[in-house]
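Chains as they are written, first to last, in this note's numbering: chain Z, 4 to 207; chain B, 709 to 1020.
Simulated from the structure, these hints should not be mistaken for lab results. Check before you lean on any hint, since a few could be wrong.
Capping the alpha-carbon separation at 20 Å, the derived lysine-lysine pairs in PhoX-like fashion look like this [stated by the list, open to error]:
no.	chain 1	residue 1	chain 2	residue 2
1	B	Lys835	B	Lys927
2	Z	Lys86	B	Lys956
3	B	Lys887	Z	Lys120
4	Z	Lys132	Z	Lys86
5	Z	Lys86	Z	Lys75
6	B	Lys887	Z	Lys75
7	B	Lys956	Z	Lys132
8	Z	Lys20	Z	Lys86
9	B	Lys956	B	Lys981
10	Z	Lys86	B	Lys927
These numbers come from a predicted model, not from an experiment.
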Amino acid sequence: MSIFEYNGSAVVAMGGKNCFAIASDRRLGVQLQTIATDFQRISKIHDRVFIGLSGLATDVQTLYQRLVFRHKLYQLREERDMKPETFASLVSAILYEKRFGPYLCQPVIAGLGEDDKPFICTMDSIGAKELAKDFVVSGTASESLYGACEAMYKPDMEAEELFETISQALLSSVDRDCLSGWGGHVYVVTPTEIKERILKGRMD
Amino acid sequence: MESDHVMMMRTTATFRTRSCDDCVRVRASLRRELLCANSFYKKSKAVNFHYFLRLSLPSSLFDPYIEGFFEVSLRCAMGDSQYSFSLTTFSPSGKLVQIEHALTAVGSGQTSLGIKASNGVVIATEKKLPSILVDEASVQKIQHLTPNIGVVYSGMGPDFRVLVRKSRKQAEQYNRLYKEPIPVTQLVRETATVMQEFTQSGGVRPFGVSLLVAGYDDKGPQLYQVDPSGSYFSWKASAMGKNVSNAKTFLEKRYTEDMELDDAIHTAILTLKEGFEGEISSKNIEIGKIGADKVFRVLTPAEIDDYLAEVE
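Build out the structure end to end from the sequences listed, making use of the hints.
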């Protein structure tokens, strides 16, 4: 039983046409026991950058707090928000600082860059960045997610269609994984608005 | 400014006595002696004595002696201005006098100036070499901090070298962390922080340079001046070093908001010419510029000659 599978998680992000969507499951478990069904895995760094963290729940929370801290200081010093690429480099550096005693989580970073182009990337627990144009996945359900996204993804989808696609991909994948599920939490972000939606799937 | 002397003398001695009573007697007599000395010198209000005596007890059955130890330190300060030497002490008028002295060092350095145009920044300096035997190609007063930020100084060359080294490292650290080139304001702030640290630490002195930092980033062309105290200002046009008041007056008259980079270079040359002793040529000035291409370049002597010809 790997430590990454202790709490169970599923996170996926997809890029669309001048928008992106990021979604996660809501289960928090301790191995086979479900402890909570409303665990927050995706967090907003600022209006145009979101980060979803899968893996050990305590590291998810701590790493999120550290990143928010760094971003707030950056905002105060530089009087501007961090670009998603810059934020991804920062996360990668922070994870590699703990190379020999790492944070046991895999982040998924999604944001809107210059000219509203979507930016998505994932990394492993020691900061190896993986950029993608279409979708990125992480968590215990990652293998199912890869399959579902590959099948359902189309390039240049608009916000509503992107929402449908990411929701279907998430729900069908977590149904195949006993450690993740209990609904879904989806954020669809366009240059003008952030839409947050809760999905009701198989509640198990 | 009155000069100041501080002398610190220290004497230590150990003594051993057979018994505790003897030791106490020795201590008492020593103390009496020192008190007399102190009161004698105190009359001139110039000297402070500090002394202390310490006893240690026999450490084992084999050592019947008692060890005593005394240390006398003598501090004498002549003159009223006890503030000008110590960097980290304020003077009664609220100034840090060492920083004033550092600014004087800057003010006696060679003139340098910078002008921010609408589409770039130019910085220039005199390059007066101590002798004609010096190989002027080896002297580079204008330096890069990053590919899009350059810097020039007035004051002490060696201090400048140290600051350039530190700033380059900070810029590169930022780049390594964020994979993004450092904004000019951030680099200036970090350099200024380094300079301020040297005004508030023990055993160091302030840097004897003022810097003019020229850069072009997402916010457009920028020109900053950083002083030995660590304060920094953004300027449209500025000058430092010898002849600074004439140069600034000239710049105030000649500066316009919508100047282009080439006009700015001409104005910079004319300003340098104002206070120049001797013949101005491409061998005794240095000019650096950065335009909308965001690449900082030091002009070659041939290019400087072209601009000089245009100015004549």
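Taking the hints in turn, this is what the structure says about them:
1. Distance check on the hinted pair: B:Lys835 and B:Lys927 sit about 31 Å apart at the alpha-carbon level, beyond 20 Å; violated.
2. A C-alpha spacing of about 40 Å is found between Z:Lys86 and B:Lys956, which places the hinted pair above 20 Å, so the restraint is violated.
3. Only pairs whose Cα atoms come within 20 Å are accepted, and B:Lys887 paired with Z:Lys120 is accepted, the gap being roughly 19 Å.
4. A threshold of 20 Å between alpha carbons decides the hint, and for Z:Lys132 with Z:Lys86 the separation of about 16 Å falls inside it, so the pair holds.
5. Between the alpha carbons of Z:Lys86 and Z:Lys75 the distance comes to roughly 13 Å, so the proposed pair stays at or under 20 Å and holds.
6. The suggested pairing of B:Lys887 with Z:Lys75 holds, with an alpha-carbon distance near 18 Å, which does not exceed 20 Å.
7. The hinted pair formed by B:Lys956 and Z:Lys132 fails the criterion: a straight-line CA distance of about 51 Å is larger than 20 Å.
8. Using a Cα cut-off of 20 Å, the hinted pair Z:Lys20 and Z:Lys86 holds, with the two alpha carbons roughly 18 Å apart.
9. Between the alpha carbons of B:Lys956 and B:Lys981 the distance comes to roughly 13 Å, so the proposed pair stays at or under 20 Å and holds.
10. Between Z:Lys86 and B:Lys927 the alpha-carbon distance is near 15 Å, which keeps this suggested pair within the 20 Å criterion.
Checked against the numbered hints given earlier, this structure breaks hints 1, 2 and 7; the rest are met.
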